[in-house]
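Colleague: Model the placement of chain B on the given structure of chain A, informed by the hints.
Residues per chain are reported as follows:
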Amino acid sequence: MKVLFVHGLKLGDLLMAAPVLQFYRRKYPRAEFHLLALPEAMAASQVLDPVNVWHELPKKKILETAALASVGLLDGVDLLAACFDRLNLENFDLAVSLSHTRFCAYALSLICASEKHGTYFEGENLKCSSLDFLEMENLKETRKLHYLDAYRKGFGSFDEKVEWRFRGSEEDTLQKRSLLNEGRSLYLFQPLSSEVKKAWSLERWTRLMQEIRRMDPLAEMKILCAPFEVGEVQALSQAAQVELLPTDLKEALAWIRAADFLITLDTSIKHLANASRCKVIELCLGSADFFKQAIYKPGAVILTPKVSCYPCAHQSRCPLEKRICAQGIEAEDVIQALKFLKNKEERPSIHCGAFITTTTDTQWSYRALSAQGGKNEKAVSRTEAEQNH
Amino acid sequence: MKKPSLEQKLNKTIEKLDASAQKIIATRGYSSEPAVLRMLSEILKEQLRNEDSRYSTRPVR
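Top line first, the protein sequences correspond to chains A and B.
For the first sequence, the positions run 1 to 389 when the numbering used here is used.
For the second sequence, the positions run 1001 to 1061 when the numbering used here is used.
This is chain A alone, in the form it adopts within the complex:
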């Protein structure tokens, strides 16, 4: 049996869908799994083990043809058509749309397979393989479910335990751990996100690292980044006197597994931490809407800014000259979160908008330890009411 998964979003979204792939692997243990992804998500091949064959959509070439007047527009059409002709030579039995986008729905319509799961076009009609996907389509703006839970419902795995498993050996982790001095805690930081409006300021990251060093003088601290991002985080590394760790995704996973704490923005790295014992603090800024896409791990702490525009729309540009949400979480809030994770202090005194801790018993949920400020407070209480309902 051959199965094709189609994914049309970024790396983090694909890593977040890992439990769906594991679910299909349990369902079809001997099937050959193919995955069609955009170039920016192909790095997932380093860690997603249920997939046997990866196919990259030639997005860069397609965009070039659209942007260059010298190249005919039809070149892009030909590139896409050729890509799907090649895929159809594989004779897939099942095609699964892993992202609820029109792009994927059209892609599935071009795949010849006897069975299709997810949302897809049949002629001009949008079809859904389950009523739950239809509900997602009709209630796009509701905040009832984390995206992963919405997919689990749609694909029929909601009653099964969420399985976070990424490729990588225990030896890799032990080897990283052996590099550390006995009894010291390892703190990892992920200060870059692919979207500028989800960033926190250099000054705050620096202050946070200095505060951690004051609180835990033996702390081992490292800043995670991709090799090509070194230039962007060099200044932070120098200001805070914290070592840079330029790694690929597989190495990053091994370091996260060896770490005690990960402090991260809304970025792909946080999803890797779901398959580790590492304790996570996620700073949700800009369009990082924690109700929909937060880390899916019990006991993580999520901090949001105290500003009325959070969370903003994914598509819109920040209209402000200076992003106020980046100033809505203080280094002290993150220190409070660390103290909570270490000592379970129940009443954190915070400056930021919301301080919540996550649960994942049957689905993603949270407990608000503190929420203040207009939209944060309303959003937290409204979602709590929806989830209880």
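By construction, these hints were calculated from the structure, which means they are not laboratory data.
For clarity, every value in this text was computed on a predicted model and none was experimentally measured.
Where a beta carbon is used, it is the ideal one built from N, C-alpha and C, also for glycine.
Warning: the hint list may mix true and false statements.
Cβ-to-Cβ under 8 Å is the rule here; a few derived chain A residues that face chain B [stated by the list, open to error]:
(1) 58
(2) 62
(3) 63
(4) 66
(5) 67
(6) 73
(7) 102
(8) 103
(9) 110
(10) 111
(11) 123
(12) 128
(13) 132
(14) 309
Modeller: For chain B alone, coordinates are given in the frame of chain A:
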């Protein structure tokens, strides 16, 4: 940030693609051709929607 001229160009291309898909459907009915045109249009729309296209096309790790 995207240059306004590039943004205009992409918007025009999207319009062209959508109009072509509509024409094909009206004259020859629905087939894989308009589906490919619409997919291409969706790729471009996604590119425009991203606040910072510099990042949306970069290789991540």
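Colleague: Compare the structure with each hint and give your call.
Modeller: Status of the hints after comparison with the structure:
1. With 8 Å as the threshold, the beta carbon of residue 58 of chain A stays out of range of chain B, its nearest partner Cβ sitting at about 10 Å, so the hint is violated.
2. The restraint placing residue 62 of chain A at the interface with chain B holds, with a minimum CB-CB distance near 6 Å, inside the 8 Å limit.
3. Restraint check, residue 63 of chain A versus chain B: the minimum CB separation of about 6 Å is within 8 Å; hint holds.
4. With 8 Å as the threshold, the beta carbon of residue 66 of chain A comes within range of chain B, its nearest partner Cβ sitting at about 5 Å, so the hint holds.
5. With 8 Å as the threshold, the beta carbon of residue 67 of chain A comes within range of chain B, its nearest partner Cβ sitting at about 6 Å, so the hint holds.
6. The criterion of a C-beta within 8 Å of any C-beta in chain B is met by residue 73 of chain A, whose closest approach is roughly 6 Å, and the hint holds.
7. Annotation: interface hint on residue 102 of chain A holds; nearest CB of chain B at approximately 5 Å, less than 8 Å.
8. A least Cβ separation of about 4 Å between residue 103 of chain A and chain B falls short of the 8 Å threshold, and the interface hint therefore holds.
9. Taking 8 Å as the C-beta cut-off, the interface hint given for residue 110 of chain A holds, the closest approach to chain B being about 6 Å.
10. Of the supplied interface hints, the one on residue 111 of chain A is violated, with its beta-carbon coming no nearer than about 10 Å to a beta-carbon of chain B, more than 8 Å.
11. Restraint check, residue 123 of chain A versus chain B: the minimum CB separation of about 5 Å is within 8 Å; hint holds.
12. With a least beta-carbon distance of about 17 Å to chain B, the hint placing residue 128 of chain A at the interface is violated under the 8 Å criterion.
13. This hint is violated: residue 132 of chain A has a C-beta 23 Å from the nearest C-beta of chain B, more than the 8 Å allowed.
14. Using the Cβ-Cβ criterion of 8 Å, the hint placing residue 309 of chain A at the interface with chain B is not satisfied: the shortest such distance is roughly 14 Å.
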